[in-house]
Amino acid sequence: MKKPLMHKAAITISSHPMYLSIVRVFLEKLLKLMDLPTYMVEDLKSAVDEACSNVIKYAYKNDYERTIKVSFECTSDKVEVVIEDRGEKPADTEFQGRDLRDLKPGGLGMHFIRKAFDEIRFRRIRGINKLTLMRRL
Amino acid sequence: MKKPLMHKAAITISSHPMYLSIVRVFLEKLLKLMDLPTYMVEDLKSAVDEACSNVIKYAYKNDYERTIKVSFECTSDKVEVVIEDRGEKPADTEFQGRDLRDLKPGGLGMHFIRKAFDEIRFRRIRGINKLTLMRRL
Amino acid sequence: MDINIEDVGKGKKVSLSGEIDMHTSPELRKALLKLTKEKISPIIIDLKNVSYMDSSAIATFVEALKSMMSYKGSMRLCNLSPRVQEIFAFAKLDRVFTICKDIEDALSR
Amino acid sequence: MDINIEDVGKGKKVSLSGEIDMHTSPELRKALLKLTKEKISPIIIDLKNVSYMDSSAIATFVEALKSMMSYKGSMRLCNLSPRVQEIFAFAKLDRVFTICKDIEDALSR
Ligand SMILES: Nc1ncnc2c1ncn2[C@@H]1O[C@H](COP(=O)(O)OP(=O)(O)O)[C@@H](O)[C@H]1O
Ligand SMILES: Nc1ncnc2c1ncn2[C@@H]1O[C@H](COP(=O)(O)OP(=O)(O)O)[C@@H](O)[C@H]1O
Chain A
94 MKKPLMHKAA ITISSHPMYL SIVRVFLEKL LKLMDLPTYM VEDLKSAVDE
144 ACSNVIKYAY KNDYERTIKV SFECTSDKVE VVIEDRGEKP ADTEFQGRDL
194 RDLKPGGLGM HFIRKAFDEI RFRRIRGINK LTLMRRL
Chain B
94 MKKPLMHKAA ITISSHPMYL SIVRVFLEKL LKLMDLPTYM VEDLKSAVDE
144 ACSNVIKYAY KNDYERTIKV SFECTSDKVE VVIEDRGEKP ADTEFQGRDL
194 RDLKPGGLGM HFIRKAFDEI RFRRIRGINK LTLMRRL
Chain C
6 MDINIEDVGK GKKVSLSGEI DMHTSPELRK ALLKLTKEKI SPIIIDLKNV
56 SYMDSSAIAT FVEALKSMMS YKGSMRLCNL SPRVQEIFAF AKLDRVFTIC
106 KDIEDALSR
Chain D
6 MDINIEDVGK GKKVSLSGEI DMHTSPELRK ALLKLTKEKI SPIIIDLKNV
56 SYMDSSAIAT FVEALKSMMS YKGSMRLCNL SPRVQEIFAF AKLDRVFTIC
106 KDIEDALSR
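Residue numbers (the working numbering), protein chains in the order written: chain A, 94 to 230; chain B, 94 to 230; chain C, 6 to 114; chain D, 6 to 114.
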């Protein structure tokens with residue numbers, strides 16, 4: 094069976110942390126179908142997980158009954174993941190993590206996201222927060 | 094962390110058979126979060142897999158570049174799965190499987206679907222085929 | 006799904022692993038029909054490492070079995086997990102196929 | 006995630022398994038802070054069966070470590086998979102935590 098030239102899939106979950114493991118397994122399965130190396134699969138999985146956790150914490154302020162959509166598109170030269178929510182508009186879209194020399198809990202998620210992806214773009218369009226993450230292959 | 098009273102999630106995939114395994118793992122993970130017994134998880138997984146295979150074969154006539162959406166909703170008393178496609182209108186919506194006494198390849202999928210679900214409802218709305226599968230708990 | 010074929014006596018043992026579904030069953034079909042075309046018998050199918058099987062897998066086995074009937078060949082399935090066993094029973098095929106406990110049992114039939 | 010706590014010498018061994026993420030880390034936090042409140046030392050964390058760990062897991066370990074500093078307790082992590090090891094290194098925490106090869110190594114520190 095011929096493999097498709099472009100992989101496209103999406104998953105919509107409630108904003109409850111119990112669903113994060115479903116997003117991870119979805120992404121893992123999808124990336125493995127595309128024969129990406131394990132280290133890259135692990136990095137992308139971690140990054141998307143952190144981005145979804147941040148949506149729950151910041152955009153939805155731990156309201157677990159909202160919706161998160163994760164869309165995924167992969168061609169031979171890049172992986173693109175778009176994470177959408179209908180939560181609050183961020184005060185600041187720089188999303189700085191903490192200085193790693195500073196020993197305190199938290200502030201690591203954005204570092205995982207920057208490690209896995211080459212481009213990070215945030216937009217808010219008609220009440221929807223859209224975080225587009227792109228990794229060149 | 095309090096568990097939600099209702100579980101809701103959805104997955105959208107291309108109509109390529111390689112994605113069926115992703116639908117299965119998605120469903121398996123989701124049903125396991127809800128502590129359903131293994132035999133039921135297996136039956137529901139098989140049934141949804143057969144329904145998606147049928148969409149690829151009949152609604153999309155093996156065009157692997159279309160889209161299938163599988164939505165999922167579960168409360169304490171039922172599991173509901175809705176499978177949507179934008180393919181052809183079925184000639185006959187009875188979807189009869191073959192007589193099991195008749196030894197020939199094929200005609201088993203609908204039997205798996207009827208085994209797992211208590212109610213099967215097909216509707217076509219504005220060009221969208223919608224198969225609603227309901228299992229009482 | 007992975008397919009591994011080995012000689013056993015005059016026949017072949019076909020060991021399958023992973024998931025057999027609409028995506029992977031065409032490859033299984035090709036492998037089995039190649040054997041039945043050569044009139045191989047017995048064909049012993051080892052299902053030990055099969056973690057999932059759908060109706061297209063069953064259809065493939067039925068097709069191969071039917072093509073073996075033309076030369077009175079024998080197909081034997083072995084090492085069925087409880088779930089795979091249940092699927093064959095549900096499809097009323099547990100009497101149509103020769104189902105064996107394990108390889109030794111299959112070889113001794 | 007599963008947490009299993011056992012006595013080892015004057016301290017405790019905390020064996021973790023499964024996935025530690027935003028959903029499961031609150032339970033880990035509760036378990037660790039209960040131990041640090043009792044000023045337990047050493048706390049040996051066995052990560053052998055941890056298949057996934059996110060930033061909330063790391064935050065939880067950092068919080069417990071900081072609360073142990075107040076009573077000069079010792080936290081030792083052991084049996085890190087290559088991926089978990091890499092996560093600690095990436096977060097520049099591989100020198101902050103005492104990372105041991107295995108339980109024996111952790112007990113002998
Ligand atoms: N989706 C988001 N909406 C609003 N703010 C966000 C979002 N994601 C990240 N941030 C901001 O970026 C900061 C850094 O995020 P992160 O590195 O994940 O660490 P942490 O969540 O532990 O603070 C957060 O503290 C928050 O202020
Ligand atoms: N989504 C669908 N659209 C159109 N026809 C369908 C669909 N699903 C099932 N059918 C019809 O129902 C029949 C029985 O389906 P099934 O039991 O899965 O067996 P098989 O696909 O092997 O024929 C099919 O042959 C087909 O005619």
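Because the hints were derived from the structure by calculation, they are not lab data.
Check the hints yourself; a few may be wrong.
With the C-beta cut set under 10 Å, the calculated list includes, among others, these residues of chain B facing chain C [said to hold, decoys possible]: (1) Arg117; (2) Leu129; (3) Pro130; (4) Met133; (5) Tyr151; (6) Glu187; (7) Gln189.
Okay, derived cross-link-like pairs now, DSS-like style, lysine-lysine, Cα gap no bigger than 25 Å in a straight line [as the list claims (entries may be wrong)]: (8) Lys77(D) x Lys42(D); (9) Lys71(C) x Lys150(B); (10) Lys197(A) x Lys42(D); (11) Lys53(D) x Lys122(A); (12) Lys162(A) x Lys96(B); (13) Lys95(A) x Lys44(C); (14) Lys223(B) x Lys197(B); (15) Lys182(B) x Lys162(A); (16) Lys197(A) x Lys101(A); (17) Lys44(C) x Lys197(B); (18) Lys197(B) x Lys42(C); (19) Lys154(B) x Lys95(A); (20) Lys162(B) x Lys182(B); (21) Lys53(D) x Lys17(D); (22) Lys208(B) x Lys39(C); (23) Lys154(A) x Lys53(D); (24) Lys162(A) x Lys208(A); (25) Lys42(D) x Lys125(A); (26) Lys101(B) x Lys122(A); (27) Lys15(C) x Lys42(C); (28) Lys197(B) x Lys39(C); (29) Lys122(B) x Lys162(B); (30) Lys197(B) x Lys71(C); (31) Lys96(A) x Lys154(B); (32) Lys208(B) x Lys97(C); (33) Lys154(B) x Lys162(A); (34) Lys71(C) x Lys97(C); (35) Lys208(A) x Lys197(A); (36) Lys101(A) x Lys154(A); (37) Lys122(A) x Lys197(B); (38) Lys42(D) x Lys18(D); (39) Lys125(B) x Lys162(A); (40) Lys182(B) x Lys223(B).
For every residue, glycine included, the Cβ atom is placed at its ideal position computed from N, Cα and C.
In ascending order, which of the hints set out earlier in this document are inconsistent with the structure? 2, 3, 4, 5, 6, 7, 13, 14, 15, 16, 22, 23, 25, 33, 36 and 37
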